[in-house]
Each structure stands twice: as C-alpha cells, then as structure tokens.
Amino acid sequence: MYSRNSFGSYYPIDSIIHRLNPILKIFNFILTIGIIIFAKSLEINVFLLLFVLLLMMLSYVPSKYYLNTFWSLRYIYILIAFICAFFNTTLTTCMTYIIKLITLVEYINILAFTTSPSENIYGIERLLQPINFFFLPLSKYAFKINSVLRYYPLFLTVQYKTFKACASRGIDYYNTNILKRISIFTKIQGNIRRLTSFKNGQIMFASVLRLFHDRRKRSNYRTNKIGFYDLFFTLFHLVLIYAILVERGIL
Amino acid sequence: MEEIEFNNVTFIINEKTPLEKTILNDVSFKMEKGKIYSFLGASNSGKTAIADLINALIVPTYGSVKIGNFINDGRRIKNVNKLRFDTGYVFKNPYDMFFNKTVKQEIAFGMKYFNYKVKKKSLRINDALKLVGLDESYLKLNPLRLTLVDAKKVALACTLIYNPSILILDEFTNGLNYSDKQDLLHLLKLLKNKYNKTIILLSKDTSFCYEIADYFYLMHLTKIVKEGSREILHDEELLKSINLEVPKIVSFVNVCKKKKHDIDYYTNIHDLIKGVYRDVF
Numbered sequence: 009m010y011s012r013n014s015f016g017s018y019y020p021i022d023s024i025i026h027r028l029n030p031i032l033k034i035f036n037f038i039l040t041i042g043i044i045i046f047a048k049s050l051e052i053n054v055f056l057l058l059f060v061l062l063l064m065m066l067s068y069v070p071s072k073y074y075l076n077t078f079w080s081l082r083y084i085y086i087l088i089a090f091i092c093a094f095f096n097t098t099l100t101t102c103m104t105y106i107i108k109l110i111t112l113v114e115y116i117n118i119l120a121f122t123t124s125p126s127e128n129i130y131g132i133e134r135l136l137q138p139i140n141f142f143f144l145p146l147s148k149y150a151f152k153i154n155s156v157l158r159y160y161p162l163f164l165t166v167q168y169k170t171f172k173a174c175a176s177r178g179i180d181y182y183n184t185n186i187l188k189r190i191s192i193f194t195k196i197q198g199n200i201r202r203l204t205s206f207k208n209g210q211i212m213f214a215s216v217l218r219l220f221h222d223r224r225k226r227s228n229y230r231t232n233k234i235g236f237y238d239l240f241f242t243l244f245h246l247v248l249i250y251a252i253l254v255e256r257g258i259l
Numbered sequence: 012m013e014e015i016e017f018n019n020v021t022f023i024i025n026e027k028t029p030l031e032k033t034i035l036n037d038v039s040f041k042m043e044k045g046k047i048y049s050f051l052g053a054s055n056s057g058k059t060a061i062a063d064l065i066n067a068l069i070v071p072t073y074g075s076v077k078i079g080n081f082i083n084d085g086r087r088i089k090n091v092n093k094l095r096f097d098t099g100y101v102f103k104n105p106y107d108m109f110f111n112k113t114v115k116q117e118i119a120f121g122m123k124y125f126n127y128k129v130k131k132k133s134l135r136i137n138d139a140l141k142l143v144g145l146d147e148s149y150l151k152l153n154p155l156r157l158t159l160v161d162a163k164k165v166a167l168a169c170t171l172i173y174n175p176s177i178l179i180l181d182e183f184t185n186g187l188n189y190s191d192k193q194d195l196l197h198l199l200k201l202l203k204n205k206y207n208k209t210i211i212l213l214s215k216d217t218s219f220c221y222e223i224a225d226y227f228y229l230m231h232l233t234k235i236v237k238e239g240s241r242e243i244l245h246d247e248e249l250l251k252s253i254n255l256e257v258p259k260i261v262s263f264v265n266v267c268k269k270k271k272h273d274i275d276y277y278t279n280i281h282d283l284i285k286g287v288y289r290d291v292f
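For the protein sequence lines, the chains are A and B, in the order given. Here our numbering runs 8 ahead of the position in the first sequence, where the first position is 1. Here our numbering runs 11 ahead of the position in the second sequence, where the first position is 1.
Worth flagging that the hints you see were computed from the coordinates, not collected in a lab. Mixed in with the good hints there might be a few duds.
[To be verified] Here are the simulated DSS-like cross-link-like pairs (lysine-lysine), alpha carbons at most 25 Å apart as the crow flies:
| id | chain 1 | residue 1 | chain 2 | residue 2 |
| --- | --- | --- | --- | --- |
| 1 | A | Lys207 | A | Lys195 |
| 2 | B | Lys89 | A | Lys188 |
| 3 | B | Lys89 | B | Lys128 |
| 4 | A | Lys169 | B | Lys103 |
| 5 | A | Lys169 | B | Lys93 |
| 6 | B | Lys115 | A | Lys207 |
| 7 | A | Lys195 | B | Lys132 |
| 8 | A | Lys169 | B | Lys215 |
| 9 | A | Lys169 | B | Lys89 |
| 10 | B | Lys131 | B | Lys112 |
| 11 | A | Lys169 | B | Lys32 |
| 12 | A | Lys188 | B | Lys112 |
| 13 | B | Lys192 | B | Lys32 |
| 14 | B | Lys89 | A | Lys195 |
| 15 | B | Lys128 | A | Lys188 |
| 16 | B | Lys115 | B | Lys89 |
| 17 | A | Lys169 | B | Lys123 |
| 18 | B | Lys123 | A | Lys188 |
| 19 | B | Lys151 | A | Lys195 |
| 20 | B | Lys32 | A | Lys72 |
| 21 | B | Lys44 | B | Lys192 |
| 22 | B | Lys285 | B | Lys270 |
| 23 | A | Lys169 | B | Lys115 |
[As the list claims (entries may be wrong)] Cβ pair distances, simulated, as ranges:
| id | chain 1 | residue 1 | chain 2 | residue 2 | range |
| --- | --- | --- | --- | --- | --- |
| 24 | B | Leu232 | A | Met65 | 19 to 29 Å |
| 25 | A | Leu61 | B | Tyr226 | 42 to 52 Å |
| 26 | B | Glu16 | A | Ile24 | 22 to 32 Å |
| 27 | B | Glu16 | A | Asn183 | 15 to 25 Å |
| 28 | A | Arg27 | B | Gly186 | 28 to 38 Å |
| 29 | A | Met65 | B | Asp107 | 32 to 42 Å |
| 30 | B | Glu242 | A | Ile86 | 52 to 62 Å |
We treat Cβ as the ideally placed atom computed from N, Cα and C, and that holds for glycine.
Using the sequences and the hints, build the whole thing.
Here is the structure:
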C-alpha cells in the first residue's frame with residue numbers, strides 16, 4: 009500500500025523548466041502531441057525522447073518521480089510488444105510505438121511537475137484568447153480544463169488514502185477476493201468521487217486566490233515574460249515539426 | 012490483546028525496482044499491555060511505518076510483527092479485521108481518515124464494519140464525542156470542513172467508538188494548543204489507568220511525550236537508535252543529533268544544573284514550579 013502514485017502532482021522547486029513561460033509550455037506540449045502522432049521514423053522519436061530526457065534533467069525533479077510512472081507502465085510496454093509481434097510488425101516500428109508512449113507520458117509528467125495549477129490555468133486561458141470571437145468566459149473554461157487534467161491524478165491519491173482509512177476501520181480492499189473488491193469499490197467509490205471533487209474544488213479555489221489580486225485583475229507576475237529558454241525550446245519543437253513535414257514529403 | 016513484538020523488522024518499498032527505499036531497518040522491540048509508549052523521531056525516521064505494521068496495513072519485507080495472537084510476517088492474516096478492531100489507529104492527517112458526508116456517519120463507520128454491536132448506537136456516538144471534548148452539534152457537520160483541531164478530535168472519536176485495546180496516535184499533538192494538549196493528557200491518563208489500554212504515541216513533540224509516556228524509542232533514519240525510560244530524553248546532545256527538540260522541562264533543568272541548582276527532572280510544569288520553589292528559594 010506504500011507505493012503512492014506521484015503522477016500529475018506539482019513539484020515546487022526552482023529550475024529552468026519551472027521558470028518557463030506557461031503559455032509557451034502548453035503550446036509546446038500541443039506541438040509535441042502533433043510530433044508524436046505524425047512522426048513515423050524512429051530517429052525523430054528517439055531525438056524527441058532525448059530532448060524529453062534533457063528537460064527531465066533540467067527540471068531538477070528527482071528522477072524517481074519520472075521512473076515511478078515509467079515503471080508503472082511496464083505491462084503496457086509488454087502488451088505493445090505482444091501486439092506488434094502478433095501483427096508481424098518490425099522491431100523498429102515496435103520500438104517507435106514504445107518510445108512514443110514513454111515520450112508522451114514523461115512529457116505530461118514534466119508539464120505537471122513543473123507547472124502549478126494556477127500557472128496552468130493562466131497558460132490555457134491565454135492560449136485560448138485568439139479564438140475568443142464571441143466573448144466567451146475563457147477563464148471559466150481554463151479552470152474547467154485544468155480541473156479535468158488534474159482530476160485523475162487526484163482521484164488516485166484520494167483512492168489510496170480512502171482505501172487505507174477503510175482498511176483500518178473494517179473494510180479491507182487490498183486483502184480480499186475480486187468479488188469483495190468490486191463490492192467494496194461500489195460501496196465507497198461515490199465517496200471517493202465526492203472527496204476528489206471537494207479537493208479539486210479546494211485546488212481551484214487556491215488557484216483563484218493566486219491568479220487575482222485585490223483589484224480583481226489578472227496578475228501576470230512572471231508568466232508574461234518570454235526568455236531565451238522559452239524561445240529555444242519552442243524553436244526545437246518547430247524544427248521537429250519541420251523534420252516531419254520533410255519526412256512526409258510535404259515540404 | 013496482550014503484547015506487541017517486533018522481530019528484526021525491515022520494511023522496504025518497491026523492492027528490487029529502481030525506486031527501492033528502506034523505510035524501517037532491522038527494528039526489534041517488545042511492548043507490554045497497559046503502558047504508554049512513545050516513538051520519537053524526525054520526519055522520514057519510519058514512525059508511521061511502525062503504526063501501519065501494527066495495524067496490518069502493510070506487511071514487513073523481512074522479520075515479523077506479533078500483535079497478541081496475530082502474526083504479521085507477509086503471510087495472509089486470518090481474521091485481520093479482529094486485529095484492526097483491537098488496534099485503533101488515528102492517522103497523521105485526520106482528513107485522510109474522512110470520506111463520509113457527516114461526522115455522525117464517519118464515527119459510526121468503524122462500528123458498522125467491525126460489527127461492533129451496542130444497544131444505543133446514537134448514545135454511544137454522543138459519548139465518544141463528549142470524551143474528546145466535542146458536543147452533539149458536530150454530528151451533522153461535514154468532517155472535511157472542520158478545523159484541524161476539531162478534525163483530530165473527531166478522528167480520535169472514530170477510533171475510540173469501538174473501544175480498541177491498543178490506541179495508536181500518529182503525530183496527534185501537531186497543531187494542538189496548550190489547553191487541547193492538557194485535555195489530551197487527561198484523556199490518555201484516563202484510558203491508561205482506568206481502562207488499562209496500551210497507547211502508542213508517534214511524535215516529534217518531545218515535551219508532550221516526556222510528560223505522559225512510560226517508555227521511549229528514539230528513531231533516526233529508519234532505525235531505533237536508543238530506547239529506555241524517561242532518562243534517555245535528558246541527553247541533549249543525543250536529541251540534537253537526531254534532529255529532535257529537547258523537552259522544555261529538561262532544557263530548563265539542565266540550565267539550572269549548569270548554574271549549580273540541584274533540581275530534579277519533573278515531568279510536568281506544575282511539579283517543576285513547586286520543585287524550583289522548594290530546591291532553589
């Protein structure tokens with residue numbers, strides 16, 4: 009019961025990656041998803057993975073946090089290998105798929121570990137700004153998107169704690185058979201969801217407090233600043249996009 | 012529940028993986044019934060793992076834990092609920108214990124799932140609340156919206172309701188003010204003297220434990236570095252070396268001794284004041 013999941017939680021330290029502009033961070037993340045989906049060659053994927061490893065190193069978040077997620081997905085890697093073997097795919101393609109998965113998960117981890125909920129909301133809101141033709145309440149949407157992004161990691165943490173609390177007071181989820189597990193889960197999953205929403209609400213409230221100052225205008229402390237690293241990392245993503253376009257014969 | 016015995020217990024998380032971490036390292040001790048034991052140590056010294064092992068929420072990687080007739084050694088424990096029923100455990104963060112809608116449901120939860128049958132259930136809930144110094148008005152409140160102190164009291168009531176013979180309090184005094192601590196002292200004394208309960212305090216609060224506990228275990232970086240009666244807390248150098256605060260009474264008496272005033276190590280502030288008047292003035 010001790011293997012707590014650290015997926016998706018913010019790690020508050022000071023590093024180059026923590027200091028990056030949240031708007032560009034999210035923009036780069038969207039570019040990365042594009043690269044992962046469209047890049048076919050192993051070389052581009054390996055290059056992106058190496059870049060992700062560099063970001064991980066620069067984030068100063070202990071490597072065990074990244075390894076935790078990497079390790080918890082070990083069965084999925086095996087499953088991908090089996091599926092590839094079943095469909096007679098080449099080893100290179102199989103490796104490409106596994107690298108794509110590792111890159112995506114670790115990139116999400118970097119984003120989550122290095123971007124606080126309030127920065128995330130601010131970044132999403134600013135990123136949505138250009139499409140605001142109809143004066144939509146973008147800040148509300150940004151809050152909702154962030155809330156959805158943080159919900160599952162929070163759910164896992166709350167679930168772990170609730171199961172532990174239940175075990176110490178008469179319902180043991182971990183030491184029982186599958187039927188009883190289903191029964192226990194159905195009994196308390198409503199409470200876990202309610203508790204997760206409550207805690208999510210608390211995080212949102214804290215984010216609101218941090219994003220607004222006393223005159224109820226957005227504070228833009230350091231989030232509007234674009235530095236050398238911001239430009240460098242965005243340029244790197246754009247170079248990879250260019251490589252894909254060349255690879256696909258579009259350019 | 013007679014006694015608790017740890018035999019060379021080692022607890023490692025994520026063993027044989029890149030994330031391997033030792034939480035407890037070769038810990039052995041024995042506890043008797045009806046005494047107050049205190050585990051003192053800084054963060055990450057392994058205190059919570061001891062509580063989890065006694066409550067059988069985790070299993071030791073090596074060694075065994077004997078709690079009365081139950082043995083927690085990695086094999087499946089038959090009737091584990093009976094063990095947990097006898098070992099009431101109040102978590103470090105009381106909010107981690109709460110998942111029901113109201114305080115009443117929260118307190119009744121343990122009774123319901125341990126099949127602890129009492130004639131007048133609501134009376135029993137009210138009594139548990141009174142015992143921890145709260146009134147009936149709390150019953151309808153959302154436990155997650157309580158203040159830390161009240162949440163701790165409700166968490167304690169959740170455990171006391173099914174009358175366990177061993178009570179484990181993890182970092183319970185954190186955030187409590189002086190009067191709350193005094194109330195807790197009286198309650199623990201009552202539980203020990205009148206109901207002969209074994210109480211295990213896991214804490215960094217050396218001053219509080221110095222006043223109430225009978226036996227002490229000093230923990231540092233996954234190991235028990237020293238154990239013994241109250242006298243081991245008189246060693247200021249040792250306490251500082253393991254990042255623990257010297258109990259306030261001890262540090263006062265040590266200063267007096269340096270100034271050649273011979274004062275005994277009293278356990279509470281009232282006796283200390285009397286002693287100072289008698290021995291110094």
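> Which hint numbers does the structure go against, in order from smallest to largest?
Replying inline: Those not satisfied are hints 13, 16, 26.
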